[in-house]
Each structure stands twice: as C-alpha cells, then as structure tokens.
Amino acid sequence: MSTASHTHVSGALDDHGHAEAHDHHGPPAGFTRWMYTTNHKDIGTMYLWFAFFMFLLGGTMALGIRAELFKPGLQFFDPEFFNSLTTVHGLVMVFGAIMPAFVGFANWLVPLQIGSADMAFPRMNNWSFWLLIPAALLLIGSFFVPGGAAASGWTLYPPLVIQQGISVDMTILAVHILGASSIMGSINIITTILNMRAPGMTLMKMPLFVWTWLITAYLLIAVMPVLAGAVTMLLTDRHFGTSFFNAAGGGDPTMFLHIFWFFGHPEVYIMILPAFGIISQILPAFARKPLFGYASMVYATASIAILSFIVWGHHMFTVGMPAAGNLFFMYATMLIAVPTGVKVFNWIATMWKGEMTFETPMLFAIGFLCLFTIGGFSGLVLAIVPVDITLHNTYYVVAHFHYVLVSGALFAIIAGIYFWLPKWSGKMYNEGLGKLHFWLSMIGFNLAFFPQHFLGLAGMPRRIPDYALQFAEWNMWSSIGAFIFGFSQLIFLYNVIATIRSGKPAEQKQWEGADSLEWTHLPTPMPYHTFVTPPIVR
Amino acid sequence: MFLEVESPPYIHHSVPNRSLGPAGRRIFLALMAVTTLGIGMLAVVVGAWPVMPFAGAEVALVFFAFHLVRLHDADFERLEIGPHEVRVESRDAESLTRFVAHRPWARVIVRERGARCTLGLAYAGRTVQLGRLMSDEGRRKLAEELRGRIAVTAK
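If you're matching them up, the sequences are chains L and X in order. Just so you know, our numbering puts the end of the first sequence at 538, numbered straight through with nothing missing. Just so you know, our numbering puts the end of the second sequence at 155, numbered straight through with nothing missing.
Derived by calculation from the structure, the hints in this document are not laboratory data.
Now the stretches of chain L that chain X is said to cover, found in silico as 3 or more residues with beta-carbon under 8 Å:
| id | segment |
| --- | --- |
| 1 | 195-204 |
| 2 | 212-226 |
| 3 | 230-238 |
If you want a taste of the chain L side facing chain X, the calculated C-beta under 10 Å gives, among others:
| id | residue |
| --- | --- |
| 4 | ALA117 |
| 5 | MET124 |
| 6 | ILE187 |
| 7 | THR191 |
Glycine included, every Cβ here is placed at the ideal spot set by N, Cα and C.
All chains should be built: construct the whole structure from the sequences, respecting the hints.
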C-alpha cells in the first residue's frame, strides 16, 4: 500500500485486532434464534444443553438398572427390558451425552482460543447440531416399538442383534445420523483450527484444548466410516440377504467384533482426549503456573491417538485369537500407559509448588486426575491376557470403563462448565453449591463403582438383572452410591440455571491464572460476536 | 502560482485470514486420505467392503471443505477513496470486479436488519457490495470510518 496515512487493513494483516468488544448488536430473539443460528456460541450452548438432557435421560436409565440390582431377584423389570436399559444407556451416554458435550465445548472454545470470529462453516455447524434431535428421538422411540429397544449391549453384537425387531433398525439409523453429525462437526473443527488461527497463533502456541480437539477430529474422521460400514452390514444382513456376520450364510460374527472395536477403541480416546485438553487448561489456571511440558503433552496426545488404532484386540481376548495376536494387543495396550503416564506426570508437575486454590473446577480436575488414574490402572490389569480371560464380561470391566468415562470424561466436562460458565454467562456460580456437588459426586461415584471391582473379581457377570446371593452386599452399596451420584447432578443443574438467571456478575478474568485468549482479550460477559478481526498473538 | 496539496487517498484493504499455507494443506490432506482410505482398504481386504464407500465419501468431503477454503485464498476487497474518485476492487474466488465512482455522487448505504449489517456503494443507479470479507460488526466500524469521507446513508 503506497499511501500510509489512511490505510486500514482488516483480516490477517490487521494490527489492532483485539479491540472489537463493543458489540451492541445481540442475537435475534425467540425460537428462530436457536433454529437458524450460525453463531458458534449459540450452537455450543445448544450442544451442551442437549448433552445434559441426554445425560439425565441416560442417568435415569442407569438408576433403573441400579434399582433393579439393589437386591437379588427380579424387582421391577423383566430381563429383556433390563438388557434394553443397559444397551440404550450406553448408546445415549456415549453418542448423546459425552460426545455432544465435547462438541459443545469445541464450538464455544475453539474459535475463541484461536482468535477466530466463528467456525469455518457456520451453516454446516447448525446442521450438525440439529441432526442430533432426530437421532435422539429414534433412539428413545425404539423403547416404544414392538419388541422393545435393542437389547444387545451398546456394541450391537451379531447374531443377537440380527434376530431382534425393528428397534435395531431405528438404532442403526440413529447411529448413522449421529455419525454424520460427528463427521460434519469434525470437518468444521479441523478446517477452523488449521485455516483460521489468528496471526501469530502457531500450532505450538495453541491451547491444549484446541490441540486435543484437532487430534480428536482427525480420529473421528478416520474411524467413523468403520462404524458406518459395520452398522450398514448389520442392516443388510437383517434385510437384504447378505451374510457378512451370519455364520449360517458363510459369514463370520467375529469379523463384526474386529470391525466394531477398530472403531470402538479410538472412540474411547475420542471421548477422553478433549477431557485431557480441558484438564490441561484448568490445572495451570488454579496452580498459577504454566502447564509443565507443553510440547510433551502435544506429542503424548498424538501418540495416544496413533496407538489407539492398534489395540482393538484387547476387547476380544476371549474370541480365540492366536497367542501371538493376544500378545501383540497386550503389549500395544500397555504401551499406551507411557504417553498417558507422561500426561499424568505433567499435570502433577504443573501443580508441584504451585500457588494452588481449590475452587470447584479445580476440585473436579483433581478428582479427574485421581480417579482417571485408577481407571487407567484397572485398564492395565485388563490388558494382561490371562487376567482378562478371567475378568472378561464381569463387573470389573464395568468398573474400569466407568472410572475412565465418568470420573474421566464426565468430571472433565463438569470441571469445564464450572471453569468457563462465568465467562460464557457473565455470572458467577454459587461456589458452596459447586463444592457440595463435587463432594457428593465424588463420594457417590466411588461408592457406586469401586465395589464393582470386587464384584467383578468375585465373578459377577455384567448385563444380568439378577445375581447370586454372595454379590448382594456390594450391589446394595453400589446402588446407594449410584443414587447419591445421580441426584447430586440435580444440584449442578440448579446451580447452572441459578447462575444464568441471577448469578453475581463475574470478572473479566475470573480465574487469576487463566491465560488463553478468551480470558485475556475478551470482556465478561462476552459480546455475541467476538474476534471480528483476529488478534495478533505474540 | 501555488502548489495544490491533496490529502492522500483513504484505502481500506481486507483479506480473509488464513493460517495454513498450500504446502501445509497438501500435507494434511494427504495424511488424512492415507489414514482414512488405508483403513477402508484394510476393511475391504477382510471382506468388510461397505466401509470403503463411507471412507471415500468422507475423504471427498474433507477435500471439498478445504477446496472451498482454498478457492477463496486470494480473495480481497480494496476500497480507495481519492480526491475525485472512489474505487472498489474485489476478488471473490475466480471473479474479479472493479467499480469506479465519482466521489461527490457516490454514497455508502448501510442496511441494518437485526444483527445483520450490510454495506453497499451506490453510484449512477448501481450498487456494489462492501465489506464482504468482514463480519457485521466490522462493517459497522467501516461505515463509521467512512463518515466524513463520503456520504453515508442508513436504510
């Protein structure tokens, strides 16, 4: 530009980018705002509320399961309906609660943390949210069709699933729609992160949450076709005369296990990597120290993602794989403990000699750290082939994955909500209620799931509505814990609603140690449009 | 005899923000395609061929998304307000448009519809869009900046 005195450049070359906080133009009012919105904050909010609703729904099913298992004998449900409860509980929690919650976080935080005005494809973003609604209706609606909901477990194993009624078709369609939504979300997130970072925001300056989502989106794109293919083959086996998994027609039911778990194990990391990202932002904020070993955290996340492709066999040590195959999957699984250990070490090193305070997000983050590590250790136990052959399909497995996904993924989600709610809503939550929520969750969760290790070690199988008398006492305690944990989430719901409606005004930088762009560059509450021109990151 | 001193022209130049270069884009897409199609091929080998169409469709979608971004890499919009003329030059994907207006007769039209704000430069019965690469708030700021330099009308 030859004429300097009145030259203004917007976009990448802008040098006064962070002064856009004077937005007096809010969103349109009414239902159409939510129906047609392309604003990443609105869509993030809808994802989070949807996920919370599904969490309550899946949680209600879990409480039904625990009520049935409170004492031996059949109390409330027939065995078929009990199996439907365990199946739909799993599907709802995985695809309806945990994954949408993390996509909600991605929608809220990715543009803010990379200094972008919105997602790369805002209309597709709107679509990927609204696809969730028909999928959820199909899943829940399957309870009301003849034969009841799918009862094969969330893994939808054939041949059982091939013999069931129309509810399986509804479940398959729901899984397809949820997959399409995830893929659209992932493409949007990847395109946004790679192309729309603010000037100066190099890859190695991105907050860990953004990094974990970049890798998660990559994993999703890589493995979602596998799930889509697997459930399509189930569908064609059911209705179009193919025999992919039907032994009577020359097919192989074991192939479904291989295919499903080739998707299923990366899926576990899809549900936990964004949690790592959230925790990696909360711990430094409350330790008032930078994250220890940032680069090693990035490499550890990438290593976990890569290794997740070669460990699927540890879910099927009992199907009769050759010993060499079992050994390979055992060692590969144990290898994952190395990058995971790097992460746990770095989180502890971040807190070491930090000026820590223990507000609710920090409590949940520390809760995550302790309990997820227990889940990781029980995973190592299950990785040992001879041990797994004994513990396979017992409550030990149930305890293991709930320590990973509830006290792992869910605790991180709750920690993240408490951490960013003041920024999102402009209001501060009630700290007392937050701490009560934490302690009840902590006690309730451990009471519910720790005894399940003992039950599994004693030989109690999973997915049964009745059990032998020797399992009665721990089951009773487990059910009491589940109800404490479940009802304590209502405190969370109340706290969030009360905060939004009448919370005290929050400060611009509510947490002293928070240092990502949304805290350092944006006012509280945030304007509807942010980073209209990208900030310069130094 | 005296020397006429004219103030320098006002120039507003906007470009889309891009943080990934062509090489990075190629590397990423290659990595993505190799991983996803590689997994698809593996599925075909074990007899689970229905995985492949999904993998192919997904890779195509990712390529299309990045193609949409790439199409607009060279986009820009340049507004120059000189002593006598107003020039708007704009590139949108493949098409390049130029618009020249006589400054005293040109005016900027600001249209507010709820949260939406659009800008246009009107002259001699024609209107061209302004601020295409900017957000609503950015366009509002631009309109404020233009007041005093050129006629601005709110509609």
